[in-house]
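S.K.: Chains G and D are the protein sequences, given in the same order. Per our numbering: the first sequence = residues 1 to 452. Per our numbering: the second sequence = residues 1 to 452.
These are calculated hints, taken from the structure and not from any lab test. Among the hints, erroneous ones may be present.
[Claimed, not checked] List time: in silico DSSO-like cross-link candidates among lysine-lysine, alpha-carbon distance up to 27 Å: (1) G/K214 with G/K138; (2) G/K76 with D/K407; (3) D/K407 with G/K407; (4) G/K211 with G/K201; (5) G/K214 with G/K227; (6) D/K410 with G/K93; (7) D/K435 with D/K410; (8) G/K21 with G/K9; (9) D/K93 with G/K4; (10) D/K4 with G/K93; (11) G/K410 with D/K335; (12) D/K407 with G/K335; (13) D/K76 with G/K88.
[To be verified] Among chain D residues calculated to face chain G with C-beta under 8 Å, some are: (14) T11; (15) Q39; (16) T51; (17) M53; (18) E119; (19) A133; (20) E143; (21) S154.
Virtual Cβ for every residue (Gly too), placed ideally from N, Cα, C.
Protein chains: 2
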Amino acid sequence: MAQKPSIPKGTRDFSPAEVSKRNYIISVMRHHFEHFGYQPIETPSFENSETLMGKYGEEGDRLIFKILNSGDYLDKVPATELQTINYKQLTGKISEKALRYDLTVPFARYVVQHQGEIEFPFKRYQIQPVWRADRPQKGRFREFYQCDADVVGSASLWQEVELVQLYDAVFVELGLHGVTIKINNRKILSGIAEVIGASDKLIDFTVALDKLDKIGEEGVKKEMIEKGISESALQKVQPLFSFTGTISEKLEKLSGLLSTSEEGKKGIEELRFICDNVTQLGLQKANLDLDVTLARGLNYYTGAIFEVAAPEGVAMGSIGGGGRYDDLTGIFGLKNMSGVGISFGLDRIYLVLEELNLFPPTVTNSTKVMFLNFGESQAFQAMKVITILRQNNIKAEMYPDAAKIDKQFKHAERRNIPFVVKEINGDSFILKNLKSGEQSEIDLLGILEKLA
Amino acid sequence: MAQKPSIPKGTRDFSPAEVSKRNYIISVMRHHFEHFGYQPIETPSFENSETLMGKYGEEGDRLIFKILNSGDYLDKVPATELQTINYKQLTGKISEKALRYDLTVPFARYVVQHQGEIEFPFKRYQIQPVWRADRPQKGRFREFYQCDADVVGSASLWQEVELVQLYDAVFVELGLHGVTIKINNRKILSGIAEVIGASDKLIDFTVALDKLDKIGEEGVKKEMIEKGISESALQKVQPLFSFTGTISEKLEKLSGLLSTSEEGKKGIEELRFICDNVTQLGLQKANLDLDVTLARGLNYYTGAIFEVAAPEGVAMGSIGGGGRYDDLTGIFGLKNMSGVGISFGLDRIYLVLEELNLFPPTVTNSTKVMFLNFGESQAFQAMKVITILRQNNIKAEMYPDAAKIDKQFKHAERRNIPFVVKEINGDSFILKNLKSGEQSEIDLLGILEKLA
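Working from the sequences, and respecting the hints, build out all of it.
M.R.: Take a look at the structure:
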């Protein structure tokens, strides 16, 4: 192979520094997931195609990566059939497995398959890659991690309260202050649809309303009317065009607006429970806001809808989201299992932490001290000390070859190794601090103390 | 979907306890990899097919999972061609990507692709799943993790010394004492081949020799002769049939045997360096042994060959292995890059720890205390305390619904939660130890102290 090798578009190699930073974010999430009572599960990278197909709409079906059957997969497809078959029909005959597209459907499948072993309510978290055959573009990948926490088997709104706290806890520990956790409720949206007299216009309505900041009230109304929403309907929801104030004030306005909608009133009640309790329990650093334009996942969420925005001033889409789906496992035949969950966007959180310089410098610390190599007998002395250092929890290594000293020093510098042992005389060493240039003669105890 | 959902054969779901135990093993490996100076990388789950195909022999090519191209993958295959095409030819036209089969080839690809950014010698570790379309059977899976540490860009034998120490360090921390690290050298095997006068008989020879314990010297010799090895050749290597003693004694015997083979003598020299230094530096708990029947990876290893056997009495194949390959990156056009590495068998190590009951009980500890739920206002009081406990690093949760008390207690018991708060009276709580049955009235400070 003459040409330089490459990787498929939309995929990534992660360097040591990148892996360390990603693992740092993951370990913070894992810590808080577990402190909130969520337990880890893992599911296979590929599922039977029938588990995934039809669960994400037509678009989703198209974006699911399919795996070719092993062996002679054409064995059972007659050559005559091949002449007339189209690729969609053929896929069903030559592929039985597909790569995971998200973590929610595999979770639902897991719950149904293992329902006998699971103690409900079941709080689980899952941090694994998913794959989508999306057109690759900046910030959108064909392989990326999802980090989900969900609870299934309870309709209690305390779960929603807790999930808001969980977002707060994770972002606080990551040093990411000032994120805004936006909350809405599918039932509020249904109530608005009732009031404007057209549930089929709901998405048009929320999409247009979301542009209020950009194009102003007149612009938004113009767009809505173009989409077929009547003037009189718009008058009924006029307060939504100046929908500011505290959460309580917003809930008051909604109460007025949605007084004729039973479902709308139920949504207000739910939101009030969640927001009141979150506020009274107190968030550490995050802001909570009620955003009636939040229509994320409208197709499957039935109650609360969450989305997290990065702190003001950081140009980044949402860094998390979630919601409640009353019938999580129904697709696999297990009815009446309400679920609610949130997801963290690892790649975007990474970019935000990078932009705000929030990764602790220790995260990418690797080797603390490198011993120069002067040939076999000195090297043995070095390895003796290194063995002890490692057993004492100090990251140490020796340059493997007795190369030119200059080259060895450069290696340590390029790898950001802070200390070099440049000489061993019996029981004492010359330890050099590569940053300050300072060097000192020191014995084993001294080196253990200094580098601990 | 009426039938209970399932997962593809050869794949696994991992329950919370299983994930926790697997993560424990991985975290121990990660810790020591990093203390030995290895840095983490990650590569994409799928590679371009040309990166993988042809690298693992014909068998490997067959066992690689191929991914169907997205969209209308038949677009460029004329229907007339489909009539006569066989599945292998078709695969090349409808699939351009394939799932990773191991971590070594992607590592070689990574090194060549990023050679400009890498500071050599490059010590990397990688812990990721791989996929093989093997026939599933007990202990063999189609998706499993590999855990590899390799160094590329140095021919120094100190790396081999260090890798033996790394095995020792990891297994000591896992509490797995008495593993045997078996070592051999490809050059010794080549030397034996020279002496018996037939390099093509080498595998037959080692396979037969490996049965010495089971079928005795006469049985082994009979098998060798059947395979076409001459009587006179066998006389030349007679000492291999009583190949016992210390490593030094074995090296002495080999010196006699292989005195006419330059390559054999080089192998002895290398083995002596490694074994002498390992012995003098001292292993904590592992045994080192020289095993001339060790022929693992004969196709690609060029120097040291390693294999780790579980402690005596545990019926389990090798739990780790590795070796040196002088031309790791040559397949991608970068010459003269010697590499040496080892691999840990996560699944088998898991089974051994399970069998010997070596997982620390704390590994699967989840929630420490559960608060009973008596309805909204009590629940709010509980959540206030829980919020504080979590901020103080105590895993706490509330039963989400105001269910019957019996049901709530059962939930805590089934989840092995050790403490339950069964009552809140103002600032004090009734805390019950579910194991001892003991209960006490306690305030917030008391609970923080007791559960810390």
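S.K.: Please write out, lowest number first, the hints stated earlier that are contradicted by the structure.
M.R.: 2, 3, 6 and 17
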